[in-house]
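Novice: Assemble the whole structure, with the sequences as input and the hints as a guide.
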Amino acid sequence: MNVKATLLASAIALTPFAAMAADMTIGFSQIGSESGWRAAETTVTKQEAEKRGIDLKFADAQQKQENQIKAIRSFIAQGVDAILLAPVVATGWDEVLEEASDADIPVVLLDRTVDAPDSLYLTAVTSDLVHEGRVAGQWLADEMAGEPCRIVELQGTTGSSPAIDRKKGFEEGIAGADGLEIVRSQTGDFTRSQGKVVMESFLKAEGGENICALYAHNDDMAVGAIQAIKEAGLKPGEDIKIVAIDAVPDAHLAIANGEMNATIELTPNMAGPALDALEAYFADGTAPEKWIQTESKLFTSEDDNQAIYEMKKGLGY
Amino acid sequence: MIRSTHLPLMVTLATFVLAYALCAAQYPAMLSTRVVANLLTDNAFLGIVAVGMTFVILSGGIDLSVGSVIAFTGVFLAVVLRDTSMHPLTAFALVLAITTGFGAAMGATIHYLEMPPFIVTLAGMFLARGAAYVLSTDSVPITHEFYDTLQDIYWKAPGGGRFRLIGGLMILTFIAGALIAHRTRFGQNVYGLGGGAQTARLMGVPLASTTVGIYAISGGLAGLSGIVFSLYTSAGYSLATVGVELDAIAAVVIGGTLLSGGYGFVAGTFFGILIMGLIQTYIVFDGTLSSWWTKIVIGALLFAFILLQKGLTWATTTRRKRATGSAQPS
Chain A
1 MNVKATLLAS AIALTPFAAM AADMTIGFSQ IGSESGWRAA ETTVTKQEAE
51 KRGIDLKFAD AQQKQENQIK AIRSFIAQGV DAILLAPVVA TGWDEVLEEA
101 SDADIPVVLL DRTVDAPDSL YLTAVTSDLV HEGRVAGQWL ADEMAGEPCR
151 IVELQGTTGS SPAIDRKKGF EEGIAGADGL EIVRSQTGDF TRSQGKVVME
201 SFLKAEGGEN ICALYAHNDD MAVGAIQAIK EAGLKPGEDI KIVAIDAVPD
251 AHLAIANGEM NATIELTPNM AGPALDALEA YFADGTAPEK WIQTESKLFT
301 SEDDNQAIYE MKKGLGY
Chain B
1001 MIRSTHLPLM VTLATFVLAY ALCAAQYPAM LSTRVVANLL TDNAFLGIVA
1051 VGMTFVILSG GIDLSVGSVI AFTGVFLAVV LRDTSMHPLT AFALVLAITT
1101 GFGAAMGATI HYLEMPPFIV TLAGMFLARG AAYVLSTDSV PITHEFYDTL
1151 QDIYWKAPGG GRFRLIGGLM ILTFIAGALI AHRTRFGQNV YGLGGGAQTA
1201 RLMGVPLAST TVGIYAISGG LAGLSGIVFS LYTSAGYSLA TVGVELDAIA
1251 AVVIGGTLLS GGYGFVAGTF FGILIMGLIQ TYIVFDGTLS SWWTKIVIGA
1301 LLFAFILLQK GLTWATTTRR KRATGSAQPS
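Order-wise, the sequence lines are chains A and B.
Read the first sequence against my numbering and you will find it ends at 317, with the numbers running on by one and no gaps.
Read the second sequence against my numbering and you will find it ends at 1330, with the numbers running on by one and no gaps.
Honestly, the hints are just simulated from the structure, not real lab data.
It should be emphasised that the depicted structure is a prediction, and the values quoted were computed from it without experimental measurement.
Residues of chain B placed beyond 12 Å of chain A at every Cβ, according to the derived structure:
1. 1006
2. 1109
3. 1111
4. 1127
5. 1134
6. 1169
7. 1174
8. 1180
9. 1197
10. 1202
11. 1311
12. 1321
Below, in silico cross-link-like pairs of lysine to aspartate or glutamate (EDC-like), each with a Cα-Cα straight-line distance of 16 Å or less:
13. A/290 with A/118
14. A/64 with B/1138
15. B/1156 with A/98
Which residues of chain B face chain A? A few of them, derived with a C-beta cut under 7 Å, are:
16. 1034
17. 1234
18. 1291
Cβ atoms here follow ideal geometry from the backbone N, Cα and C, with glycine treated the same way.
Specialist: See the structure below:
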């Protein structure tokens, strides 16, 4: 107990630059575990911390902001070296972030940003939703190489920011290519079952032979649509090319089976870049950019999807 | 008699002291002023609403609407301050009038229509939550400069703890609640009502005004709690504080108040709140336990306190039987 107290005291007494020498303790306030992706983010964050020898204090807020504020205050009281925060809502963080910055504890935002002055946090690690859509569009444009293509689109939940941004990005991605046009676009609500139902209606309305490609705003809808295409007697991945976003394990499996062509990864590894930035900050005080964009990696049949599927399956998706 | 009514309070106090000592032994940082200040600040909204809940439970009732009323208050304030030029203080007065009136209306329904409080306040819960959704489904930020002024009022203790306005407000509410419960005619009536409506009527307790008063207090304090919560998060969000009514009930019971009414202390609720806050703090300090352990520990504590209450009631009745030699229970 005494050793622990001394360590703690020395960690507080020393400047942030020297804190690296002692074991680094980082608090992570997570929103909850409402989706498979979020569970995977938690798993990956724990793995990344372990890899670096960081003692990670994990607090699940059960979707409640008050729990997140309490957790951050407790982290500060405990004297952690840094805090990772995946905020449940954008508003109402000023007060508690000020307390953290008063105590010289850097805060890194994961996956979402907040409506607070950016002096109150070190950096934010998020994906670029528009960019994800653009990568999908460009992949299809390259794949068609000048051939005309009639595309159907399965949108996410109407009005949600991923749906708006991924649509916008895709349209930008195919803008340069002649002959590529979106002929039908409807919401599939990000779910597997709606993806299947809406794809069935696309196939009836257009006729399967007139559809050349499907773009889905997430993998779940694409997996549902694959089922619909099979039931219509067509070959998904060959008769109709399929590109979607997220790179969940089932999408890798579909690509491995030749039923899907490409997926763009929304990486659950937000903590890796965040911890890298923190280590650099503690080592020599380099302040990172205010926004660290995660890589939107494209996966196609050229990757070893079976292996990736096996690897991702264990992350809690 | 005196021993048995004070015993739950003593047990609560002992539980808190023991729990704090155990936490501090493991994490010395638990003794810092930061943790103490956090316990007060982070539980301010829950504490205020729990004072109202203490009155309700003392009278033998229940109020399930308070969590929704807190959310409604927050959204109402956020929307009013965004869309009109009303000063926050006027808005506070307005929203307190609305929530007190809402509570009073529920109290009147309970008394005059002879409806169970559970059903009436359940309806109130849906009404208030629905009203919050109608006002706005998004989280509406509050950016009024008066809010900044209020949020900047704090005393920074040595060690870095910040004792904020809302924590002080909670303590004042507890003091006022204790005075009303233990030093006024109305307080006596609340205890009387908790002993059973029939007995209370025989004792000359004005049933109508007492019932309406109790639920008006609970509603008004839920409104005050909503104001505190909006200061706490600088926003109004219709999805906020779901299930807070149950946390408040748990705090009251852990604080030693009998769920059947009639026995209990406002001060006990204060320690009930602190115990619940302490459990959460410990779990964050540990950092490896699942946050859901909070619920498990609170559940176990509740069960233990209910058993204790049952045991005490049983012990008192047998002792009284033996003392008077008659077989009539009270």
